[in-house]
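Student: Spelled out from the first residue to the last, the chains are:
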Amino acid sequence: MFRLSEIRNLKASLIVLRIGSFQRTFLLFSLGLTCLVSILPVDQVLANQPTALEIMQRVGEREDGEDVEWDMIITLRNRLDEKRTRMAKLFRKDFVVKGEIQTRQVTVFLSPLNIRGVGMLSFDYKNDVIDDDMWLYLPAIKKMRRISAAERGDNFVGTDFTFEDIKQGFAVDDYHYKFIEETIWKAENQKFEVYRIEAIPKTDALKSALGFDRAEILVRKDIFMRVEQRFFDKNNILTRINSAHDVQKIQEIWTAMRLESYNILNNHRTVLEITGAVYNQKLPDSLFHERTLVSERIR
Amino acid sequence: MCNLYHCIWKIIVVSVILLEQNVVWAQTFAGDNSYSSHFDLRQEAALLVKEEKLQKFRSILLFKPEYVFSSNIFAKLIFRADYDFRYDWDENYSAATKDQGQSQFEVREAVLHWSQKNTNWIIGKQRISWGKSDGIRLLDVINPLDFREFILEDFEDSKIPLWMFNRTQYIKEWSWQILTIFDFEPNRFAPLGTDYYDNFNNPAQVDGIQEESPSDFALRDMEIGNQLSGSLGGIDVSLNHFYTYDDNFVVEFYPEFTPVGVNPNPRKIFDRLHFVGSSFSSTFASWVWRGEFASIHGRRFALNKEELTRSLQNEPDKHGLSENPQFLGLFALDYSNNDWFTSMQFFSDWVTGSTKKLRRERVEQIVTWLVHRDLRYDTIRLRLFSLYSLDEDAWINQPKVIYHYNDLLAITVGADLFSARDGDGFFRQFKNKNRFFVTFRYQI
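First to last, the protein sequences are chains A and B. Just so we're aligned, residue 1043 is where the first sequence starts under this note's numbering, counting upward by one. Just so we're aligned, residue 221 is where the second sequence starts under this note's numbering, counting upward by one.
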């Protein structure tokens, strides 16, 4: 069976026999190109840009060091512009356990006193079959509390960031993606070329656990860093915006030194500033253990 | 004992001196090493509903200096002083009750913490938490408890610290904690004549009788705990063993038969126990399931009145007690979503062997329910903890609201409500002790 376009190409080749050599060469080239275009899928020809999934895979694979230590100041501002400040430390390290890669992270609050010692330990498995593991340490009762996957979208210790945000790692396989556009993102008097990607959690259970039905993610084209995420609820109402600012190269690793989470519904904002970042210092494995939090050894 | 105005004055003076010293020390130790110290001031008041009288008006001061020598060595101290002004206002208390219950000064923590690559040492006076349960102690038995307020205080506040070596060795995904405990402290009961005097575990008849306590810092009386914890197939597990002394005494009888009758010659003894147990927790969809179980060997139980007389006559070498193996189990389910948290626990305590002759029931079962919700970015917490004893048909309900006015000041308002049938029992004895309370907590 011939498609209509192929029959037209056949007719054109018969016309070629009756015209001069220059025109014949030109027409043959055109004919060949037309044949090629008609055989290959259109998107492969046009697609110089990666797909939405490829972009998000690049985000997930972005170099972030084998281990990292961050000192952080977290500032909460309510709608009356009243301010609360927390200091915290974060440690993250990549592990290989039984051939599988996993990222472990410890986050501990150092001040104020009413939350001092509160900490989170998370094991982020790259294998999407297993749910990530999370534990919360509460010094008031000196116990670790296991956190279910359903709590990933809950606020982390009174901030606008969720447990999922604090976990830092990006679970690429949890979403369906759609490429929206290439655009310009303006921040700190600078303009950046970004991809706008739509991410929809794959299941209703994931939507419920993460606390949103749809997200629009802006990814910087040059370094594949998520610089903005807009979260929408089931009525497609924008509820929260996370953004990354003051991106610096530290030990050859791109690091957003200021992260913001803005809750639109109640006009509450959390700013996480990184005051110190050290990568690849070979942190001991024992740091990423529940006993580290229970013994309150991180000061 | 001082009068009210003297005491307020003393607390203010001590606070000012400590605050001033705090600044001086902070300046002295400025440099690579760091010194810091904090205060935790609490004012607690409780009102008994039925009697319409103030049950407590207690001021608590905690002073927490800390010195960090390097990134892996630090020392930490916690001093606690408390004073209940109610004893000054109520003339019904005897001098002895006042002496025991009005004020307390103790070192809550004095530790040197040292961590190496795969080893962690904490040496000194400290509190340990084992297990996965909330509001019920099953594996969490390392430290004895202060029952001045029955079980209404948080365990971490009522735990009595002990001097020990606490070493944790990390072995790949597992950790092995070894505790070597040097001193012995029994559970502290509320003084006779106070509202939460425990007539069930510490009957007035045994008050003042001879007590044989294990020796402090004696090799033969050391307590040793081992906990191996890690993950098996995604389930957090721990295996625990604790070679300990029972924190509650038993009364042994050494009857002397005289021409005028029998002298029971009682002695308070603390039994040596082997405590073997395990804990587990994991997630399933939106749920967290967790549990603990333990087996206790070496514990002896009091006999009921009829059996006691028979036993003393026929089996004098048992001293009026019966040794029975004991098994404890707890299973719990937690659910959390959108800042709501709810949890159900079922706890069971079995004594095996011949149990008809015992003073306690063969099986004692408790169900608990905890629900809390955090509001306004964790500045307000609504919390309800309920405990129901199936055997005694007795409830304890503890609703409370915690409001964090700012990062320094928290105000808690709540109630402790008891509901029970009449009769003798661990929970029933406080049937009419419902109370409302308010606590102001200032941390700086």
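Don't read these hints as lab results, they were simulated from the structure. One thing to keep in mind: the hints can contain errors.
[What the hints assert, rightly or not] Under the rule of at most 20 Å between Cα atoms (straight-line distance), these lysine-lysine pairs were calculated in the PhoX-like manner:
| id | chain 1 | residue 1 | chain 2 | residue 2 |
| --- | --- | --- | --- | --- |
| 1 | A | K1276 | A | K1131 |
| 2 | A | K1220 | A | K1184 |
| 3 | A | K1228 | A | K1249 |
| 4 | B | K576 | B | K538 |
| 5 | A | K1184 | A | K1140 |
| 6 | A | K1291 | A | K1244 |
| 7 | A | K1168 | A | K1131 |
| 8 | A | K1324 | B | K651 |
| 9 | A | K1276 | A | K1233 |
| 10 | A | K1233 | A | K1184 |
| 11 | B | K337 | A | K1324 |
| 12 | B | K284 | A | K1184 |
| 13 | A | K1220 | A | K1244 |
| 14 | B | K525 | B | K488 |
| 15 | A | K1184 | B | K296 |
| 16 | B | K392 | A | K1140 |
| 17 | B | K576 | B | K276 |
| 18 | B | K337 | A | K1131 |
| 19 | B | K284 | B | K270 |
| 20 | A | K1184 | B | K345 |
| 21 | A | K1228 | A | K1263 |
Student: Evaluate each hint against the coordinates.
Tutor: Here's how the hints hold up against the structure:
| no. | hint | verdict |
| --- | --- | --- |
| 1 | K1276/A x K1131/A | violated (34 Å) |
| 2 | K1220/A x K1184/A | violated (45 Å) |
| 3 | K1228/A x K1249/A | violated (29 Å) |
| 4 | K576/B x K538/B | holds (16 Å) |
| 5 | K1184/A x K1140/A | violated (31 Å) |
| 6 | K1291/A x K1244/A | violated (33 Å) |
| 7 | K1168/A x K1131/A | violated (24 Å) |
| 8 | K1324/A x K651/B | violated (58 Å) |
| 9 | K1276/A x K1233/A | violated (31 Å) |
| 10 | K1233/A x K1184/A | violated (47 Å) |
| 11 | K337/B x K1324/A | holds (11 Å) |
| 12 | K284/B x K1184/A | holds (17 Å) |
| 13 | K1220/A x K1244/A | holds (13 Å) |
| 14 | K525/B x K488/B | holds (18 Å) |
| 15 | K1184/A x K296/B | holds (16 Å) |
| 16 | K392/B x K1140/A | holds (12 Å) |
| 17 | K576/B x K276/B | violated (40 Å) |
| 18 | K337/B x K1131/A | holds (19 Å) |
| 19 | K284/B x K270/B | violated (38 Å) |
| 20 | K1184/A x K345/B | holds (16 Å) |
| 21 | K1228/A x K1263/A | holds (13 Å) |
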